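> Quick mapping for you: the protein sequence lines, in order, are chains A and B. Quick note on our numbering: the first sequence kicks off at 1 and runs consecutively. Quick note on our numbering: the second sequence kicks off at 1001 and runs consecutively.
These are calculated hints, taken from the structure and not from any lab test. Watch out, some of these pointers could steer you wrong.
Simulated restraints, written as ranges between beta carbons of each label pair [to be verified]:
| id | chain 1 | residue 1 | chain 2 | residue 2 | range |
| --- | --- | --- | --- | --- | --- |
| 1 | A | SER80 | B | GLY1053 | 39 to 49 Å |
| 2 | A | LYS57 | B | THR1030 | 38 to 48 Å |
| 3 | A | GLY16 | B | PRO1007 | 17 to 27 Å |
| 4 | B | SER1072 | A | LYS57 | 41 to 51 Å |
| 5 | A | VAL52 | B | GLN1042 | 36 to 46 Å |
| 6 | B | GLN1071 | A | GLU72 | 20 to 30 Å |
| 7 | B | SER1003 | A | SER65 | 37 to 47 Å |
| 8 | A | THR82 | B | GLU1066 | 21 to 31 Å |
| 9 | A | SER80 | B | GLU1066 | 39 to 49 Å |
| 10 | A | THR86 | B | ALA1017 | 34 to 44 Å |
| 11 | B | SER1070 | A | GLU59 | 21 to 31 Å |
| 12 | A | GLN97 | B | ALA1001 | 24 to 34 Å |
| 13 | B | ILE1060 | A | HIS10 | 41 to 51 Å |
| 14 | A | GLU79 | B | GLN1042 | 24 to 34 Å |
Sample of chain A residues lacking proximity to chain B, with all beta carbon distances greater than 10 Å (derived) [what the hints assert, rightly or not]:
| id | residue |
| --- | --- |
| 15 | GLY16 |
| 16 | ARG22 |
| 17 | GLY40 |
| 18 | GLU101 |
With a straight-line Cα cutoff of 27 Å, these simulated DSS-like cross-link-like pairs (lysine-lysine) come out [what the hints assert, rightly or not]:
| id | chain 1 | residue 1 | chain 2 | residue 2 |
| --- | --- | --- | --- | --- |
| 19 | B | LYS1108 | A | LYS11 |
| 20 | A | LYS57 | B | LYS1108 |
| 21 | A | LYS70 | A | LYS57 |
| 22 | B | LYS1108 | B | LYS1061 |
| 23 | A | LYS11 | A | LYS70 |
| 24 | A | LYS70 | A | LYS53 |
Just so you know, these numbers come straight off a predicted model, no measurement behind them. In this text, a Cβ means the ideal position worked out from N, Cα and C, and glycines have one as well.
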Amino acid sequence: DAGITQSPRHKVTETGTPVTLRCHQTENHRYMYWYRQDPGHGLRLIHYSYGVKDTDKGEVSDGYSVSRSKTEDFLLTLESATSSQTSVYFCAISAGQGEWETQYFGPGTRLLVL
Amino acid sequence: AQSVTQPDIHITVSEGASLELRCNYSYGATPYLFWYVQSPGQGLQLLLKYFSGDTLVQGIKGFEAEFKRSQSSFNLRKPSVHWSDAAEYFCAVGAGSGGGADGLTFGKGTHLIIQP
């Protein structure tokens, strides 16, 4: 499982409230990613990080922000949750050597916004 | 921008029969290609990957995939499926340096159903 944990694993929140999801890795990987998974859409990249304090946007970044203040933690924040952000959120890391790097995924966080 | 198409949303196969899941990609350079499997309520597990070299790649659980540049395809195959293979299968293409350092683009998935 590449030493990835996500917390919380399940969360129910109300529209308009802030939500922060945490991804923690234990193997000092440089690259970390946040994806969301929705029926009929597969997984879509939200944000990714290529080092401490270095982040970039993905395909569906609107309404999300991220932070990475230390190598092992990558936080995803929904500043004001909306029902359209109800989804399963997966964190991933990239592991391997150079061009053989491959992404490995955490167990996911199921978020319901009411 | 890259894209991935998995033409089959659902596939039903009898246990013991052969399987082929289709994947077509669109990418301007040499792609980094992946197949992942997701069991219900679980995360994604890497089945196999293609970066370069031999176009037929072997993966875990008896799966293999063949990269065909002329057809922009990376189809997943298994000679004999087991009931435990029932799951959602995702094809993905990587962009940026390495195996998709800038993130992966996924297809929408194929749901595999195994009939007894």
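> For each hint, tell me whether it holds in the structure or not.
Hint check:
1. SER80/A <-> GLY1053/B: 39 to 49 Å: Taking Cβ atoms as reference, SER80/A and GLY1053/B lie about 48 Å apart, which means the hint holds.
2. LYS57/A <-> THR1030/B: 38 to 48 Å: With a Cβ separation near 25 Å, LYS57/A and THR1030/B fall outside 38 to 48 Å, so the hint is violated.
3. GLY16/A <-> PRO1007/B: 17 to 27 Å: violated (40 Å)
4. SER1072/B <-> LYS57/A: 41 to 51 Å: Distance hint for SER1072/B, LYS57/A is violated at roughly 27 Å.
5. VAL52/A <-> GLN1042/B: 36 to 46 Å: Distance hint for VAL52/A, GLN1042/B is violated at roughly 30 Å.
6. GLN1071/B <-> GLU72/A: 20 to 30 Å: Given a distance of about 42 Å, which is not inside 20 to 30 Å, the answer is violated.
7. SER1003/B <-> SER65/A: 37 to 47 Å: Given a distance of about 26 Å, which is not inside 37 to 47 Å, the answer is violated.
8. THR82/A <-> GLU1066/B: 21 to 31 Å: Since THR82/A and GLU1066/B have Cβ atoms about 42 Å apart, the given range 21 to 31 Å is violated.
9. SER80/A <-> GLU1066/B: 39 to 49 Å: holds (47 Å)
10. THR86/A <-> ALA1017/B: 34 to 44 Å: At 37 Å between Cβs, range holds.
11. SER1070/B <-> GLU59/A: 21 to 31 Å: holds (28 Å)
12. GLN97/A <-> ALA1001/B: 24 to 34 Å: Holds: the Cβ-Cβ distance is about 27 Å, inside 24 to 34 Å.
13. ILE1060/B <-> HIS10/A: 41 to 51 Å: violated (29 Å)
14. GLU79/A <-> GLN1042/B: 24 to 34 Å: holds (29 Å)
15. GLY16: holds (29 Å)
16. ARG22: Given a closest Cβ separation of 16 Å, the condition holds.
17. GLY40: Per Cβ check, GLY40/A is inside 10 Å of chain B; nearest 6 Å; violated.
18. GLU101: violated (4 Å)
19. LYS1108/B <-> LYS11/A: Distance ~25 Å between LYS1108/B and LYS11/A Cα, so the pair holds.
20. LYS57/A <-> LYS1108/B: holds (21 Å)
21. LYS70/A <-> LYS57/A: holds (19 Å)
22. LYS1108/B <-> LYS1061/B: holds (22 Å)
23. LYS11/A <-> LYS70/A: holds (24 Å)
24. LYS70/A <-> LYS53/A: The given pair, whose Cα atoms are some 8 Å apart, holds under the 27 Å limit.
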